[in-house]
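Combine the two chains into a complex, taking the hints into account.
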Amino acid sequence: MRKSSHILIAALAVAFAGSALAQKGEVVKMVRIDAQSGLLGPVGVNQLKSYQFFAEKFSGKGNPAGVTFEVTGIDNKLSPTESLNALKSAIDQGVRYIIQGNGSSVALALTDAITKHNERNPGKEVLFLNDAAVDPDLTNSKCSYWHFRFDADTSMKMEAMSSFMAEQKDIKKVYILGQNYSHGVQVAKYTKETLARKRPDIQIVGEDLHPLAQVRDFAPYIAKIKASGADTVVTGNWGSDLSLLVKAANEGGYTGNFYTYYAGVTGTPTAMGTNGAGKVYQIAYSHYNMGGQMDKWMAEFKAKYNDDFYTGSVIRIYETLGAAMAKAKSTDPVKVAAALDGIRVDSFNGEVEMRKLDHQLQQPLYMTVWQKADKKYPYSPENTGMTLVPVKTYPNYVSSTPTSCQMKRPS
Amino acid sequence: MEFFIISMLNGLSYGLLLFMLSSGLTLIFSMMGVLNFAHASFYMLGAYIGYTLSGVLGFWPALVLAPLLTGALGALFERYCLRRVHPFGHVPELLITFGLTYVVLEVVQLLWGRIAVDFAPPPALQGPAFTLVNHSVEGLRWVWGAVPLTLCSAADASLRIVCSPFPATRGFMMLVALAMLLSLWLLLTRTRIGLVIQAALTHPDAVQALGHNVPRVFMLVFGAGAALAGLAGVIGGSTFLTEPAMAATVGSIVFVVVVVGGLGSLSGAFIASLLIGVVQTFAVALDYSVGSVLAAWGLGLSPAWQASSLGHLTIAQVAPILPYLLLVLILIFRPRGLLGTRDA
Chain W
1496 MRKSSHILIA ALAVAFAGSA LAQKGEVVKM VRIDAQSGLL GPVGVNQLKS YQFFAEKFSG
1556 KGNPAGVTFE VTGIDNKLSP TESLNALKSA IDQGVRYIIQ GNGSSVALAL TDAITKHNER
1616 NPGKEVLFLN DAAVDPDLTN SKCSYWHFRF DADTSMKMEA MSSFMAEQKD IKKVYILGQN
1676 YSHGVQVAKY TKETLARKRP DIQIVGEDLH PLAQVRDFAP YIAKIKASGA DTVVTGNWGS
1736 DLSLLVKAAN EGGYTGNFYT YYAGVTGTPT AMGTNGAGKV YQIAYSHYNM GGQMDKWMAE
1796 FKAKYNDDFY TGSVIRIYET LGAAMAKAKS TDPVKVAAAL DGIRVDSFNG EVEMRKLDHQ
1856 LQQPLYMTVW QKADKKYPYS PENTGMTLVP VKTYPNYVSS TPTSCQMKRP S
Chain A
59 MEFFIISMLN GLSYGLLLFM LSSGLTLIFS MMGVLNFAHA SFYMLGAYIG YTLSGVLGFW
119 PALVLAPLLT GALGALFERY CLRRVHPFGH VPELLITFGL TYVVLEVVQL LWGRIAVDFA
179 PPPALQGPAF TLVNHSVEGL RWVWGAVPLT LCSAADASLR IVCSPFPATR GFMMLVALAM
239 LLSLWLLLTR TRIGLVIQAA LTHPDAVQAL GHNVPRVFML VFGAGAALAG LAGVIGGSTF
299 LTEPAMAATV GSIVFVVVVV GGLGSLSGAF IASLLIGVVQ TFAVALDYSV GSVLAAWGLG
359 LSPAWQASSL GHLTIAQVAP ILPYLLLVLI LIFRPRGLLG TRDA
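One line per chain: the protein sequences are W and A, in this order.
Residue numbers for the first sequence follow the numbering used here, beginning at 1496 and rising by one.
Residue numbers for the second sequence follow the numbering used here, beginning at 59 and rising by one.
This is chain A alone, in the form it adopts within the complex (with noise of 0.2 Å):
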């Protein structure tokens, strides 16, 4: 049981972490119908800029400031790069954006060096968040923080007691996301500037002959999408590792996760954020082989098959393909996602 709520948490975490970058990417697609390569880049930017600044203004500044810088760079590349090539179509601007990744990730190593960094969370980050005590006899219990190690030996040896501790870092990461997730609701739905960003998403040009800026509404979502890619950055980069490697691994499974939810369906992003995350967390976990599970549905393998490397081959060794085996489905039985509501 300890077992399932862990793995659960584990792949809530992750699947809420994911979101906080897709959310951005959906956005940016949905408003100006750019899909963003560089996105991942400006997730690993905001872990790089909030490792720096967490050294010179400790972690808390830092995890405020580095979206902030991250998102201020996003908008900056909007404003004079983006927006330049905005008239020759949609290829260049695909092109443009896949070119920002390579050069992000050159100056990264430049500047940052090849090898991960030692991004630290803070102290009070650093130890579990609460611990769940699974007592052979007294059952499931679940207390606030650390156990103390005496809780979690048995004097007895017929008993067996499981202390399974949950990070607070992980913990956290859920909090802001979910934080996240309420205040982009709050302010597209509940707002004045939400409403323009919605109006500018289907009738941009009706928002222009009303007097807004258009222009200027398309730079500040680049740019909060950005931030929000950094603010995932400081926290994903502090939980796991910081390195160059960082925005290419979490970058295509961030495609993954927009195209499957729906192209510019924030919830849809948010459905298939959490589904890939606990999908991947899980599969780890089963160790069913095609062959079992074959013969489980009454199809035998043949001998030959089964002592066959792909006989053997069990659902945690492909564990790590199964994010795009499940886009290539979506894409052959429901092209436009789970929540799109655009026919591709």
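Chain W with its partners taken away, still in its complex shape (with noise of 0.2 Å):
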């Protein structure tokens, strides 16, 4: 049945060669290279099942170009090594298209071997898309041509998180807690870098990397903030390093509040619970109440795998990717990279720019706060009766921040 669908396509990718829509029918295949066991898995693995949800959505008349989308997910054990292997194995199955975000270490690998490998293999160039890792050296001093950011950079994370605490008289003490690797340590880099500019009254009582996805218990590190005054955590912690880590709070009976990137993301909302209401705020691309189409669709997610989908990225990534293939009118992913190069696409909160410059997404982001759902804010993750609700919006040109980025690009 599969191979013979597939020959039908191939008949009519012959058949329509030369017309106007060369890529019509053709399927797209794309492999995820991500973490889908440990610590960390259960992340990996809700956002595999979010691409697979969306590829059902944006395949044939869901995108401008009429082509399938296939995903399929490899695990890397969030291991730079292992991905490198995935990597390796996806290219030999003929896939041109790899997407992974979990972790900056690995985002790092993955863009110097597969700028090495477009390099070496002309013909056989393949994209990386990449949806979360936030280490702003991805779009400034280690930047590729054949990398597309589609989350938004710690720098532009942290600009519009340090503006809005700027703002909060009653943040005296601050302490940073990250994980120790490429992503906590410029996260501490920009809180310090942004606090000193916008509000250098504000005193960083303590600076502390825990060891990623290996700490199973943060009571020794809560006992710490709490014996330093903090009245504020600001942390990139995700997945159990959030989540392990509230659960601590709750238990050590540390009041104050937290400002985070992933509180949103699977674990987390249960741990805060109740608990966490007005204490916990996220600094993201998007939120749980979009409303419009995004509501919807976010319905059927959780009806379907009785799961949040939260990460938009996924479906900024199919509708750029159709635009492009549109334009490029082929799923070659030279021409598309051409294509994406400085596309615009209207997305679900407003118009979004994949920068010519460093390729990093020009996107709104958004300061939300753990609070009771409402009837205006209804979407309550994990069913714990509580919502991330905006409590304000950094448009593009405010979000925007400058790069170093002098990418090579093909001749």
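Please note that the accuracy of each hint is not assured.
[As the list claims (entries may be wrong)] Listed next, the stretches of chain W that the computed footprint assigns to chain A, with coverage defined by at least 3 CB atoms under 8 Å from CB atoms of chain A:
| # | segment |
| --- | --- |
| 1 | 1527-1541 |
| 2 | 1717-1730 |
| 3 | 1745-1755 |
No wet-lab data here; the hints were simulated from the structure.
Cβ coordinates follow ideal geometry from the N, Cα and C atoms, glycine included.
Shown next, in the form of structure tokens:
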């Protein structure tokens, strides 16, 4: 069945060759290399489901190019080494579109490997669609023409978050806690830099990096944060590293605020429960109550998987890829990359732009706070009865940050 | 002050959990001379079986049944696998327990999946066991259970009140470990079976000659060790996390505990467990860097060294490797461990 449909598609492709819609009906195979096991596995599993859910929505008539999207996953156990093996096996299977997000350490390794692969194998180029790795280096000192980031990087998120924090007069002492790898280090660096610029009176009373996805018990860290007298914790933690931190904070009676990147991600809503009301903030490019079509999709996703959809970049990737393939009239990665370069697409919250300079998607950011779900903001993740309510929106021109990227473009 | 008390209790409760594991491991070693690599796998099995049983029967029956089941599995493993390779010496015994760790890991992943399961403690253990209320004027107070929020926030801005609750799960963990230590000690020193075990430890041939079934004693000890690991699993799994990597994480630490305490020494394992639990907890809180420690000793580093990442490395950052560092140091300077009797 599968084989015959492939033959049919090939025949269709031949039939349409040279016509205006050469790519119509083609199957675009994509592989997501991400963690599907271990402490951070639940996040990767949720996102793979999201890709497969939206592949149905965006295939065929769902995209202007009329192509069919097919996504499979390879478990990389969050290890850069395993990811490179996964990349090799994906390329050997003829896959030309690689997706990854969790772990900037992995993203840096993949960008490097893909850039080299493309240099050495002309005609077999591979595109890297990054949906969540937010280390600014990926679009600055280590930027690559073949890498496209759909999340907002740490420089953008911290710029917006610090603007919001600067207005909160009750913030006096801040503690920075992060995971000990590129992402956690960058969050700490940008937190200190932006706060020093906007609120020099805020004291950084402590800074800690803990091993990534290793800590089962955050009680010692909470005891330390309490002893430091911090009224606010800034953290880029995600997955179990955030949910266990919040759990330990509740058990340890810590009453300060949390400024986070990923409070809405699997596991953390349950850990926050009603105790986190009004105390946990999140900066992100989308939230649970975007309205319109998104609400319907989220309800459908929940009905189908009994899980919450939170990775808006999934939708953005399908939208921009579809538009780029229609523009390029091809699914060839080289032509699609050229079309993606600087593309503008209308997304679920207005126009977004894949900036030509560094391939960083320019998009609005939302500061949200954890509180009771109500009529206006009804979506409640993990059936907690709570939701993330937007308190401030930062449009594209505000969230945008400069880049030092000097990428090598194919001639 | 409340930081010290809470951190100490955190450290002690973690140390006591380690003791529940290491006691079984060290008992099996002293008895059979087998370093059971799969011991932490029984810990994981206990957690997963406890998770499944608590879904059907509730937490408390699971707390009793899961260790018994794990113990039975351990006894079966001893009877049908370990005993068969016993005549071939220690290396095959070591290898078969090593192989068992992989089998258990894969079986657990097949049955329960590769990501953490939601094993929550029972309602009675959710919430604090007691709360320390530190009032800037009235001083430190001890209150059983939770404290109303109004008590923790001062109406007067000049007053500072800090409430530090201590989770009931951890209190329960300490209680169970201490009860286990006591009953184990009573069993070994005050009962007939304990005497037979102790005798079989040193003079198995003589015990056999007196008409005792020594292989059966071995099986019972192995089963009991696995059951203790299973008990630790139910408690540890519900307090922390129940996931496939839990065996690997705790397994290496448990080996450190038995080597540091002295192979085969129960009291050594007890001291080493507490030591490592407390060291790991407090190390997180120490922000002294290598550079600042050396400077305090009057050995100022050159500016280049101070700026380097090594000079900035704090004790908090190296906390995860401290137990292994301790292991290496003990093996160099006191190979038989703190309370060990035999020389390695």
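Right, here's what the structure says about each hint:
1. For the segment 1527-1541 of chain W, the assignment as covered by chain A holds, since 7 residues bring a beta-carbon within under 8 Å of that chain's beta-carbons and 3 suffice.
2. Check result for the segment 1717-1730 of chain W against chain A: holds, 4 residues qualifying (beta carbon to beta carbon below 8 Å, three or more required).
3. Interface restraint, the segment 1745-1755 of chain W with chain A: holds (4 residues with C-beta to C-beta distance below 8 Å; minimum three).
Checked against the numbered hints given earlier, this structure breaks none of them.
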